[in-house]
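**Q** The primary structure of each chain is shown beneath.
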Amino acid sequence: MTPSELKIDTSSEGVLLVSLAGDWTLQSAIPAAEGVLKGASAQKRRLAFETGKLAQWDSGLLIFLANLFASCRRDGVTVDQSGLPDGVRKLMALASPENQRSGVSHGSARQPFLARVADKTFAVLGGVREVLAFLGEVTVAFGRMLRGKADFRRLDLELTIQETGAQALGIVTLISLLVGVILAFVAAIQLKLFGAQIYVADVVGIGIVRVMGAVMTGVIMSGRTGAAFAAQLGTMQVNEEIDALQTLGFSPVEFLVLPRMLALMLMMPLLCIYSDLMGVLGGMIVGVGLLDLGFLEYVNETRKALNLTHFLVGLFHCFVFGILVAVAGCLRGIQCDRSASAVGYAATSAVVTAIVCIVVATAIITLSCQVLGI
Amino acid sequence: MSESADRSSRGKEAVIEVRGLEMSYGSFVLMRDLTFTIGRGDIFIIMGGSGCGKSTLLKHLVGLKRPAKGEILYDRVSYWDAEPEEQDSLKRRFGILFQSGALWSSMTLAENVAMPIEQYTSLPPGQIRELVSYKLSLVGLGGFEDFYPSEISGGMKKRAGLARAMALDPDLLFFDEPSAGLDPISARLLDDLIIELSESLGTTVVVVTHELASIFAIGNNSVFLDPDVKTMIASGDPKRLLKESQDPKVINFLTRGEGARQK
Numbered sequence: 001m002t003p004s005e006l007k008i009d010t011s012s013e014g015v016l017l018v019s020l021a022g023d024w025t026l027q028s029a030i031p032a033a034e035g036v037l038k039g040a041s042a043q044k045r046r047l048a049f050e051t052g053k054l055a056q057w058d059s060g061l062l063i064f065l066a067n068l069f070a071s072c073r074r075d076g077v078t079v080d081q082s083g084l085p086d087g088v089r090k091l092m093a094l095a096s097p098e099n100q101r102s103g104v105s106h107g108s109a110r111q112p113f114l115a116r117v118a119d120k121t122f123a124v125l126g127g128v129r130e131v132l133a134f135l136g137e138v139t140v141a142f143g144r145m146l147r148g149k150a151d152f153r154r155l156d157l158e159l160t161i162q163e164t165g166a167q168a169l170g171i172v173t174l175i176s177l178l179v180g181v182i183l184a185f186v187a188a189i190q191l192k193l194f195g196a197q198i199y200v201a202d203v204v205g206i207g208i209v210r211v212m213g214a215v216m217t218g219v220i221m222s223g224r225t226g227a228a229f230a231a232q233l234g235t236m237q238v239n240e241e242i243d244a245l246q247t248l249g250f251s252p253v254e255f256l257v258l259p260r261m262l263a264l265m266l267m268m269p270l271l272c273i274y275s276d277l278m279g280v281l282g283g284m285i286v287g288v289g290l291l292d293l294g295f296l297e298y299v300n301e302t303r304k305a306l307n308l309t310h311f312l313v314g315l316f317h318c319f320v321f322g323i324l325v326a327v328a329g330c331l332r333g334i335q336c337d338r339s340a341s342a343v344g345y346a347a348t349s350a351v352v353t354a355i356v357c358i359v360v361a362t363a364i365i366t367l368s369c370q371v372l373g374i
Numbered sequence: 001m002s003e004s005a006d007r008s009s010r011g012k013e014a015v016i017e018v019r020g021l022e023m024s025y026g027s028f029v030l031m032r033d034l035t036f037t038i039g040r041g042d043i044f045i046i047m048g049g050s051g052c053g054k055s056t057l058l059k060h061l062v063g064l065k066r067p068a069k070g071e072i073l074y075d076r077v078s079y080w081d082a083e084p085e086e087q088d089s090l091k092r093r094f095g096i097l098f099q100s101g102a103l104w105s106s107m108t109l110a111e112n113v114a115m116p117i118e119q120y121t122s123l124p125p126g127q128i129r130e131l132v133s134y135k136l137s138l139v140g141l142g143g144f145e146d147f148y149p150s151e152i153s154g155g156m157k158k159r160a161g162l163a164r165a166m167a168l169d170p171d172l173l174f175f176d177e178p179s180a181g182l183d184p185i186s187a188r189l190l191d192d193l194i195i196e197l198s199e200s201l202g203t204t205v206v207v208v209t210h211e212l213a214s215i216f217a218i219g220n221n222s223v224f225l226d227p228d229v230k231t232m233i234a235s236g237d238p239k240r241l242l243k244e245s246q247d248p249k250v251i252n253f254l255t256r257g258e259g260a261r262q263k
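Chains as they are written, first to last, in my numbering: chain A, 1 to 374; chain B, 1 to 263.
Same shape as in the complex, but just chain A:
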């Protein structure tokens, strides 16, 4: 490979003759195009080329020339391309500014501060309106379902029930059991100091049944099912499947959202009961296995601590979470744009929305129970 060579000949009248020799490729060290015009005096109004000794060339040469031509245009120097190889001339013509599509303006001008604030405000308001419209549609769809008028396939409902119910048992078992174990350990550390290990059963029982079982089920389901809903509906949006439903007169909310919401509203409380059981079992493993409590002793203490109110409060939590997870998943799916990355975004955003809503709802319900003395 021969190194690239640049010679600038200023001997002839009014003409700057640029001689290129050697290899002008991306791998070779190509001189800066700006340097070419710098040396020339103001009288040189024309640029010509001599390329007899030019060996190999590729895009490296073309970029050099494009930069050179740009500075010539700026300084009002005319360019005579006749000395360039044929291929180079054609490629330069293709990439010339005259050949570009006109009217390209994409996010060019930076908007003033107030305009950006206004844009953001309207975007947020628009988002809120979308959420409200969606909730309205869901409510109307429920009304139609209660009157027996909603269109959806029973098979879809049954499949979703299977997916959100039975198939979620494994992960709910694991997480709830471990949360029970963790709660028992945390409680034991303090209670052991007073020789009151038996109250571990109370702490675990009330903690799990009243709140933690429901919250853990909600979080698991938002990651597992909420994300799946958003991805399913988002992909249907990308494939125009939702358009196809609409043009045939099916309401996407009735047809797609309703079965998913129903399934979660039915399954979440059931999963919650199961999660409660597993959590208490986890506590019992620690109590019986490590704290030397008797099995019957532990069961009796748990039964003494719990009452129906705790249990119903837990179920109510989970029922609300079911609605929240389904709404978040379906809403983000329906709002999804028409691209693959948008589907990923919809799934992520569904999980984030659902978990934030779950935590806020837990706070509200807990506070309300406190105030109402439940």
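If you are wondering where the hints come from, they were derived from the structure by calculation, not from laboratory data.
Heads up, some of the hints might be wrong.
Unchecked claim - Simulated pairs of lysine-lysine, DSSO-like, Cα-Cα distance not exceeding 27 angstroms:
hint: 1; chain 1: B; residue 1: 65; chain 2: A; residue 2: 120
hint: 2; chain 1: A; residue 1: 149; chain 2: B; residue 2: 65
hint: 3; chain 1: B; residue 1: 69; chain 2: B; residue 2: 230
hint: 4; chain 1: A; residue 1: 53; chain 2: A; residue 2: 38
hint: 5; chain 1: A; residue 1: 90; chain 2: B; residue 2: 69
hint: 6; chain 1: B; residue 1: 12; chain 2: B; residue 2: 243
hint: 7; chain 1: B; residue 1: 249; chain 2: B; residue 2: 230
hint: 8; chain 1: A; residue 1: 38; chain 2: A; residue 2: 7
hint: 9; chain 1: A; residue 1: 7; chain 2: A; residue 2: 90
Based on the hints, put chain B in the right spot on chain A.
**A** For chain B alone, kept in the frame of chain A given last:
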């Protein structure tokens, strides 16, 4: 320009009338002042370069997007002013083939085709099954009833989509880029099918395409959208537009840019 549209559909009853339609995404106006008529039995082509709003116009014509301005009349009934029940009965007349087929992925081909039939008719299940098999065999997919969309090729998906679009014997068929992604022979067969449907059933067909071969083979009326001036710049029979149009953009498009070089 509107004069030529009137001429090409003269003697035919107007099925779709578009008056002063403006299409926009938010505050961004895509096209304005679209006015044209689609006659009964026409094969109407919506043409124009990539990204000029052809598919968006189709979405307006099938009631998926609400016009920013102007109105769209079907047999003199304005879709967006109609009551929901009337909108449903209008939709029942539409058959739409989406770009990628848009088959519902959780259902088999038979279930896909059966959906609109179950929705709008009260036929017994046995008869629906027969009808579905017949529609699938019309597009050459007899025997594929129990396949899921993920198990068949792109061209087959498109044909299955066509079977679903024809399920209710619609009198308005809409095609979004029917030949995109098909080999030349399948594309030609689809063109023949479109002509046959239009001739034998009197179906009015609206096609979004930029395949020149298709445009001249099937089209007898058209509208040409230009993104630079944001409106339509020609309409009428594409074969006549090729001969008579004075607009260099239209000539350029219809001759793959060769006409302009000759002129």
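**Q** Mind checking the alpha carbons of residue 149 of chain A and residue 65 of chain B for me, to see if they're no more than 27 angstroms apart?
**A** Measuring from Cα to Cα gives roughly 25 angstroms; hence the hint holds.
**Q** Is the Cα-Cα distance between residue 69 of chain B and residue 230 of chain B 27 angstroms or less?
**A** 14 angstroms, holds
**Q** What's the verdict on residue 65 of chain B and residue 120 of chain A, does the C-alpha distance respect the 27 angstroms limit or exceed it?
**A** The hint holds at about 25 angstroms.
**Q** Holds or violated: residue 38 of chain A with residue 7 of chain A, Cα cutoff 27 angstroms?
**A** With Cα atoms ~13 angstroms apart, residue 38 of chain A and residue 7 of chain A stay inside 27 angstroms; holds.
**Q** For a C-alpha distance cap of 27 angstroms, please report whether residue 53 of chain A and residue 38 of chain A respect it.
**A** Roughly 24 angstroms between the alpha carbons, so the hint for residue 53 of chain A and residue 38 of chain A holds.
**Q** Between residue 249 of chain B and residue 230 of chain B, does the CA-CA distance stay at or below 27 angstroms?
**A** 13 angstroms, holds
**Q** Given the hinted pair residue 7 of chain A and residue 90 of chain A, is their Cα-Cα distance within 27 angstroms?
**A** 23 angstroms, holds
**Q** Within 27 angstroms, alpha carbon to alpha carbon, are residue 90 of chain A and residue 69 of chain B?
**A** At roughly 46 angstroms apart (the allowed maximum being 27 angstroms), residue 69 of chain B and residue 90 of chain A break the hint.
**Q** Is residue 12 of chain B within 27 angstroms of residue 243 of chain B, Cα to Cα?
**A** Holds, at about 23 angstroms.
In summary, the structure is inconsistent with hint 5 from the numbered list given earlier, while agreeing with all the others.
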